[in-house]
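Enquirer: Going left to right, the sequence shown walks through residues 1 to 712 as UniProt numbering numbers them.
Wrong hints could be hidden among the right ones.
What the hints assert, rightly or not - Cross-link-like lysine to any residue pairs, in silico, SDA-like; alpha carbons within 25 Å at most: (1) K422 <-> L550; (2) K229 <-> N141; (3) K422 <-> P293.
It should be emphasised that the hints constitute simulated quantities derived from the structure, not laboratory data.
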Amino acid sequence: MEAQKPRGALRKGSSGASITYELHQTSHTIRMESTAFLNQNFPGDLELGLRDPRQQPTQGSPEPEPGPPGPSHSSDPIDVPSNIANRQCSVKTRARALSSILLLFGVTALLTILYLVYVHQALLAADPRIPDALMEARTANWILSICSTIFASLVAYLLGDVLNHARWLLAARVEGIPLALFAVMGSATEWHASAFISLGNWKSPATWAFGIVRLGLPLATIYYGAILKFNADFEYIFRENGPPVQVYAGLAPMDPRVLSLGPLRPSRIAMYFQAFTQVLLSYEQYTVGMPAPNCDGVCRSFLIPGGLETARALNGSLLNSTLLEGGLFQDHEAIGIHNAPGFLLAYKPLPPTSDFDRNHECTVYGHGFNDAIQICTRPAPPSLEVGWAPCPTRLSDRKRCFNDTSWTRAPIRTKLSMSAYKQYSTTSYRRKDLHILDVTLTSEPQAVPLNESDYQLLWRRMLVPTDQANSLDRSMIDSVTFSLAWLQRLYDDEFPDDANTPMEHLENFLAIPLQFMVTAIQFANSTIQEQSGDPDGFGSLQFPLPADMLTTAVGVRIMERLKGQTWVVCLFTVTAVLAVLFIGALLVWMVFFQRYRPAAITGVPDMDIAEKFRCCIRSGGPEGTGLAGPNAGTGKKSWWQKVPMLAGLVARLRKGAMLGGLVAKLRTDDSGREVLLIEPSGLRSIRTTLSWESGIPLLAISRSTRGASRVG
1 MEAQKPRGAL RKGSSGASIT YELHQTSHTI RMESTAFLNQ NFPGDLELGL RDPRQQPTQG
61 SPEPEPGPPG PSHSSDPIDV PSNIANRQCS VKTRARALSS ILLLFGVTAL LTILYLVYVH
121 QALLAADPRI PDALMEARTA NWILSICSTI FASLVAYLLG DVLNHARWLL AARVEGIPLA
181 LFAVMGSATE WHASAFISLG NWKSPATWAF GIVRLGLPLA TIYYGAILKF NADFEYIFRE
241 NGPPVQVYAG LAPMDPRVLS LGPLRPSRIA MYFQAFTQVL LSYEQYTVGM PAPNCDGVCR
301 SFLIPGGLET ARALNGSLLN STLLEGGLFQ DHEAIGIHNA PGFLLAYKPL PPTSDFDRNH
361 ECTVYGHGFN DAIQICTRPA PPSLEVGWAP CPTRLSDRKR CFNDTSWTRA PIRTKLSMSA
421 YKQYSTTSYR RKDLHILDVT LTSEPQAVPL NESDYQLLWR RMLVPTDQAN SLDRSMIDSV
481 TFSLAWLQRL YDDEFPDDAN TPMEHLENFL AIPLQFMVTA IQFANSTIQE QSGDPDGFGS
541 LQFPLPADML TTAVGVRIME RLKGQTWVVC LFTVTAVLAV LFIGALLVWM VFFQRYRPAA
601 ITGVPDMDIA EKFRCCIRSG GPEGTGLAGP NAGTGKKSWW QKVPMLAGLV ARLRKGAMLG
661 GLVAKLRTDD SGREVLLIEP SGLRSIRTTL SWESGIPLLA ISRSTRGASR VG
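Given these sequences and hints, build the entire structure.
Expert: What follows is the structure, encoded as structure tokens:
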């Protein structure tokens, strides 16, 4: 029976269009209703193409009648899926489809938590609670480099993969996803294309934002890999190693009884002042800079914790055994002394208008040598005000310091106020040079009154010879007097612009009795014990050391630590947490708040997009020119050149034009193949009703508009 030509009817209504197409051939009927254009009239004509997949063209069979002529019509049918209902699925199905990326996200989140804990412990914590092997500077630097790079790579990979899955889920919705957004969210889109599309769609916040995210991923990798080392510094940390040993350590207050003892000869006292007046508070064996109460501006403050030289081991002997005798700590790099008393000293210059009563507050020393230095003291509880002035060069050179005393009435240039505070601290000393390595304060500073009488007693013992003084004492008294006077004359006469150095000398001069008073007590006890014949010494101690000086010492291992800036570590932590939370939020949205099944993704973006484009561009028959068609690679036009729409898209993209007005939609046809449709944003939906008694036809619909490409 001769087949009848198909008949068609087109009716336009307020809700769109209704099409009836009947084919009388072996009782086969197709009925299709379309509401594709909901908000506009037809700007062109609607074309339908039918083909029975079971019937292959045979030689001599009549060619199908060509459709109505149009500027963009093509005779190639395009497969269009029937609906999107079969893309909907349960939460469990969506989670299973994303199982690999969910697993990787879980591993990344766990590693991020562990890494952030390590970063804070290694770079910021005052008392790190991680193994020492992970604290050492070189090891920490290596760990930070490797782990930061791994973290940055994981974040970049996860974010790219999640965005790729998310764009396919958005395309699976009824309304689809703007093609510009679909392009910038894809990992296969090159950076310049992403930049062009993002700039051209700057009015679209989503396109702009995700474009910036895509373009910023390489910079994020550099940021996470390098930010932690910005402005980082190295510092020492100290780990106790070995059992503690009982010791006497720290400093003792001035004791006038000890200063009056005969065994404490003037020559011995003068030796300490002559050696340390220039250097004591700059000597790392004894002092370290430390803030003091009410000390700011021009005020200078120092902590003298006692020093390793003055510490004595409690071993039952004369209490005069140092911590370095007998190899007690010979296997340790450093020695730590716990909670020992020391002094926190603060110095403030007195104003130029401040002066002393020369008759009652000042004393001139050096009569026996005919060279002189004037020392003035005035109590200012709990502080002590002190000033000094030397005999000028013009008089000392002629030995006339006591003949012309006018210099004793001249303004005193070097004068200051001294305050002292008792301060307990735990101090670590390097064993090989006794230098202070680290100080940890263990108490609040307590003001200590400075007695003017104690200092005057000491200076009389050192600078005024008595009848009991021997030749050595007299020589040392003359020597220290000349040294002190000459030291001040040098700066007063030759370097008058330098007022700081003479002030530092006076600061050292006043700190010497506090630093070495414990040495005087040890020497006095040792001398008395030897003279009494009591080798153990406990029964004849006349000047016991203060009870708070009894403490412990322990061997210390020195480690170099990488110390990070607080704001840098906090910035890294915040940005790392935000990046992981952002990825997690996208995954939660994809699993729990989307109804559609994630697209089948191979992991190769170019192959994924090519597979899905192939279905909607060409059916893949014997004359197919798709990527999988028989003519692929034969020199014929490529698929994007063959199809006018994609050729136009590529041309527009190469010219820097954007993809606004186009929507990408992911659909699944009745055979289960995923198809990516690119449509103008006005094409809202497709609804078909099929009736076919003996097979499933392939249906193709195309919309033709002037100057536009055919859309599937």
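Enquirer: Would the hint linking K229 and N141 be met if the CA-CA limit is 25 Å?
Expert: holds, 8 Å
Enquirer: Check whether the Cα positions of K422 and P293 lie no farther apart than 25 Å.
Expert: holds, 12 Å
Enquirer: Under the criterion that the straight-line Cα-Cα distance not exceed 25 Å, is the pair K422, L550 satisfied?
Expert: holds, 16 Å
The structure fails none of the hints (numbered hints given earlier).
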